[in-house]
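4 protein chains.
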Amino acid sequence: MAFEKMIKNAFDESRNNCRFGDTLEEIKEIQDYIKNAEKIYIPNKDGVKVEVLNKVLNEYGLPQAEILQINTNTADTNRIPALAKAYMALDQSECDLIIARGRLGIPGSGSLLIFIDNKGRILTAGMSPSHVIHQKSLEEAVYEEAVEALEKIGFEKVI
Amino acid sequence: MAFEKMIKNAFDESRNNCRFGDTLEEIKEIQDYIKNAEKIYIPNKDGVKVEVLNKVLNEYGLPQAEILQINTNTADTNRIPALAKAYMALDQSECDLIIARGRLGIPGSGSLLIFIDNKGRILTAGMSPSHVIHQKSLEEAVYEEAVEALEKIGFEKVI
Amino acid sequence: MAFEKMIKNAFDESRNNCRFGDTLEEIKEIQDYIKNAEKIYIPNKDGVKVEVLNKVLNEYGLPQAEILQINTNTADTNRIPALAKAYMALDQSECDLIIARGRLGIPGSGSLLIFIDNKGRILTAGMSPSHVIHQKSLEEAVYEEAVEALEKIGFEKVI
Amino acid sequence: MAFEKMIKNAFDESRNNCRFGDTLEEIKEIQDYIKNAEKIYIPNKDGVKVEVLNKVLNEYGLPQAEILQINTNTADTNRIPALAKAYMALDQSECDLIIARGRLGIPGSGSLLIFIDNKGRILTAGMSPSHVIHQKSLEEAVYEEAVEALEKIGFEKVI
Chain A
1 MAFEKMIKNA FDESRNNCRF GDTLEEIKEI QDYIKNAEKI YIPNKDGVKV EVLNKVLNEY
61 GLPQAEILQI NTNTADTNRI PALAKAYMAL DQSECDLIIA RGRLGIPGSG SLLIFIDNKG
121 RILTAGMSPS HVIHQKSLEE AVYEEAVEAL EKIGFEKVI
Chain B
1 MAFEKMIKNA FDESRNNCRF GDTLEEIKEI QDYIKNAEKI YIPNKDGVKV EVLNKVLNEY
61 GLPQAEILQI NTNTADTNRI PALAKAYMAL DQSECDLIIA RGRLGIPGSG SLLIFIDNKG
121 RILTAGMSPS HVIHQKSLEE AVYEEAVEAL EKIGFEKVI
Chain C
1 MAFEKMIKNA FDESRNNCRF GDTLEEIKEI QDYIKNAEKI YIPNKDGVKV EVLNKVLNEY
61 GLPQAEILQI NTNTADTNRI PALAKAYMAL DQSECDLIIA RGRLGIPGSG SLLIFIDNKG
121 RILTAGMSPS HVIHQKSLEE AVYEEAVEAL EKIGFEKVI
Chain D
1 MAFEKMIKNA FDESRNNCRF GDTLEEIKEI QDYIKNAEKI YIPNKDGVKV EVLNKVLNEY
61 GLPQAEILQI NTNTADTNRI PALAKAYMAL DQSECDLIIA RGRLGIPGSG SLLIFIDNKG
121 RILTAGMSPS HVIHQKSLEE AVYEEAVEAL EKIGFEKVI
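Going down the list, the protein sequences come from chains A, B, C and D. By our numbering, the letter at position 87 of the first sequence is numbered 87, and the numbering carries on one by one without gaps. By our numbering, the letter at position 71 of the second sequence is numbered 71, and the numbering carries on one by one without gaps. By our numbering, the letter at position 41 of the third sequence is numbered 41, and the numbering carries on one by one without gaps. By our numbering, the letter at position 12 of the fourth sequence is numbered 12, and the numbering carries on one by one without gaps.
Just so you know, these hints were derived from the structure itself, not from any lab. Here the structure is a predicted model, which is why all the values come from computation and not from measurement. Every residue gets a Cβ at the ideal spot worked out from N, C-alpha and C, and that includes glycine. Any given hint could turn out to be false.
What the hints assert, rightly or not - Think about it this way: if two alpha-carbon atoms lie no more than 27 Å apart in a straight line, the pair counts; the simulated BS3-like pairs of lysine-lysine are:
(1) D:Lys8 <-> D:Lys45
(2) C:Lys119 <-> A:Lys119
(3) B:Lys5 <-> D:Lys119
(4) C:Lys5 <-> A:Lys5
(5) A:Lys45 <-> C:Lys45
(6) A:Lys39 <-> C:Lys5
(7) D:Lys157 <-> D:Lys35
(8) B:Lys136 <-> B:Lys45
(9) A:Lys8 <-> A:Lys157
(10) D:Lys157 <-> B:Lys8
(11) B:Lys45 <-> B:Lys55
(12) A:Lys39 <-> C:Lys119
(13) B:Lys28 <-> B:Lys136
(14) A:Lys136 <-> A:Lys5
(15) B:Lys8 <-> D:Lys119
(16) D:Lys45 <-> B:Lys119
(17) C:Lys8 <-> A:Lys39
(18) B:Lys136 <-> B:Lys119
(19) B:Lys119 <-> D:Lys8
Claimed, not checked - Taking CB as the label site, the calculated pair distances span:
(20) A:Asp12 <-> D:Asn9: 24 to 32 Å
(21) A:Arg15 <-> B:Glu94: 45 to 53 Å
(22) D:Val132 <-> B:Val147: 51 to 59 Å
(23) B:Val158 <-> C:Glu66: 58 to 66 Å
(24) A:Lys5 <-> D:Glu4: 31 to 39 Å
(25) A:Asn9 <-> B:Asn71: 37 to 45 Å
(26) D:Glu38 <-> A:Lys55: 12 to 20 Å
(27) A:Ser137 <-> B:Val158: 49 to 57 Å
(28) C:His134 <-> B:Val158: 52 to 60 Å
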């Protein structure tokens, strides 16, 4: 029930013009949700991204994720392909947390790595420019996006 | 017509399993769209973010934006508040480009600065953690998000 | 787990060009979900619509709904205000089923009554033209939309 | 500019708690937009629906639509497949009006015929139950959905 109350409170604050940015308690709730996730899925065709993401989750003392084998090609017709992949996993499986990676917007806009909860709400995210801009390997880009997503909500490396 | 053809091509490549990431031509199209924008709006209540964003646009040799005064408080009930603000501007005004800033997802998830075109398609974006995490001033955070968004699609400072 | 498997199967059929429309089993799953809902919320400011909706649910032998008091005015800035109201309820409460009513699209497009599950997926819906077109009372319009939504998925009156 | 002003006004009314439903002027704006559309697309693989829709448009004295050949199978992974088809057409072509038909929500939820403008805003819609419920032919179902969508916004047959 934690997120529901938190979202209700934040919304009431916004309505009443007394919202002054995110609080540490809110960030702590997101951390707790991720720490306690029992089933984490990464929708994907192959396992490369999953290996890198599990390496990062491990470095931050977080539970490991599993691959959810879905052909996510079709997500590219969506306005936010990365989010469309996450929703495909949400709608076709039961889990607590989904980590999906895909294009941010139109072709050329780069990539987005997104964490959503079991209702499809966005918890955190990391982004990279297109490969032709950053020239990094896929592994490196995914690694850095995951670190960005976790550190953004206050997680620190434990290894 | 440029984006329409580009999106169609990229979609056909995805369907046929021959899409190998964003191309320089696609990034060039996004750059041209932004360079040639004649009316750029930033939906906002006050002018602080607009000043910072115009400073950045100027540093990258890009056209200046105007404030579109909308009370965007209500966007906070959306799944992606930053995008909801951008769509409020899109639906209530005529312009080529909208730059909107708001929360990325649930309370605690930090902020998102997003560029959308005249049909609501995402061109680029920048993100920051919550203020309680990064401890930067609003001006500094907006500045860095805008620089991230522009450099991600290959723009370079001209000043 | 029912919907997840069903959605996965239907998606696989679509991909393989062997999807020939909705099946009776799929409709039966939706019926079972609604019949077995333990907590049904109707996001609303006042109780008029809730009374009418509960009358309809009762006539079809279905469990009763409760009002979820949220100020849903802000939903009108969304592309699909009815769905935005449903998502506000989804994000701010714990329940199995949400029945929300609001505008279908832009001003003038009439109203939409929508049923979503605990992950935000659309189960069924009913629609009405604007009041200035149909000239019916609010009670009558809501009643007919609810009947449309339930009969569309094969429910029959038991009273 | 008509819709932009109209949406802004309606939104201001909602915020100030003085919105009392859609007005005849708003409905008239939607009618004018459809009457004056110069390029109308129907995204589809084959031409059956297009023929029926053009028959209806003709009966109501409205301009004819063209087929936009897109493989829209992939839309079925979306939360609102009918809307996803409409957006695929919006993003891959230049036109004033798009009429798309697809599933309303999850498998079993029936079909939705939707009219969107050149920015993706919903103007009107019609719905049918699944074929296994209504037992009508495809032609008949599409015909009735189109009539519902047009009469809902005050159009009348001229033939």
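A quick look at each hint next to the structure:
{"no.": "1", "hint": "D:Lys8 <-> D:Lys45", "in the structure": "violated, 37 Å"}
{"no.": "2", "hint": "C:Lys119 <-> A:Lys119", "in the structure": "holds, 5 Å"}
{"no.": "3", "hint": "B:Lys5 <-> D:Lys119", "in the structure": "holds, 17 Å"}
{"no.": "4", "hint": "C:Lys5 <-> A:Lys5", "in the structure": "violated, 30 Å"}
{"no.": "5", "hint": "A:Lys45 <-> C:Lys45", "in the structure": "violated, 46 Å"}
{"no.": "6", "hint": "A:Lys39 <-> C:Lys5", "in the structure": "holds, 17 Å"}
{"no.": "7", "hint": "D:Lys157 <-> D:Lys35", "in the structure": "holds, 13 Å"}
{"no.": "8", "hint": "B:Lys136 <-> B:Lys45", "in the structure": "holds, 21 Å"}
{"no.": "9", "hint": "A:Lys8 <-> A:Lys157", "in the structure": "violated, 31 Å"}
{"no.": "10", "hint": "D:Lys157 <-> B:Lys8", "in the structure": "violated, 37 Å"}
{"no.": "11", "hint": "B:Lys45 <-> B:Lys55", "in the structure": "holds, 18 Å"}
{"no.": "12", "hint": "A:Lys39 <-> C:Lys119", "in the structure": "holds, 16 Å"}
{"no.": "13", "hint": "B:Lys28 <-> B:Lys136", "in the structure": "violated, 32 Å"}
{"no.": "14", "hint": "A:Lys136 <-> A:Lys5", "in the structure": "violated, 41 Å"}
{"no.": "15", "hint": "B:Lys8 <-> D:Lys119", "in the structure": "holds, 17 Å"}
{"no.": "16", "hint": "D:Lys45 <-> B:Lys119", "in the structure": "holds, 24 Å"}
{"no.": "17", "hint": "C:Lys8 <-> A:Lys39", "in the structure": "holds, 18 Å"}
{"no.": "18", "hint": "B:Lys136 <-> B:Lys119", "in the structure": "violated, 33 Å"}
{"no.": "19", "hint": "B:Lys119 <-> D:Lys8", "in the structure": "holds, 17 Å"}
{"no.": "20", "hint": "A:Asp12 <-> D:Asn9: 24 to 32 Å", "in the structure": "holds, 27 Å"}
{"no.": "21", "hint": "A:Arg15 <-> B:Glu94: 45 to 53 Å", "in the structure": "violated, 29 Å"}
{"no.": "22", "hint": "D:Val132 <-> B:Val147: 51 to 59 Å", "in the structure": "holds, 56 Å"}
{"no.": "23", "hint": "B:Val158 <-> C:Glu66: 58 to 66 Å", "in the structure": "holds, 60 Å"}
{"no.": "24", "hint": "A:Lys5 <-> D:Glu4: 31 to 39 Å", "in the structure": "holds, 37 Å"}
{"no.": "25", "hint": "A:Asn9 <-> B:Asn71: 37 to 45 Å", "in the structure": "violated, 20 Å"}
{"no.": "26", "hint": "D:Glu38 <-> A:Lys55: 12 to 20 Å", "in the structure": "violated, 55 Å"}
{"no.": "27", "hint": "A:Ser137 <-> B:Val158: 49 to 57 Å", "in the structure": "violated, 31 Å"}
{"no.": "28", "hint": "C:His134 <-> B:Val158: 52 to 60 Å", "in the structure": "holds, 59 Å"}
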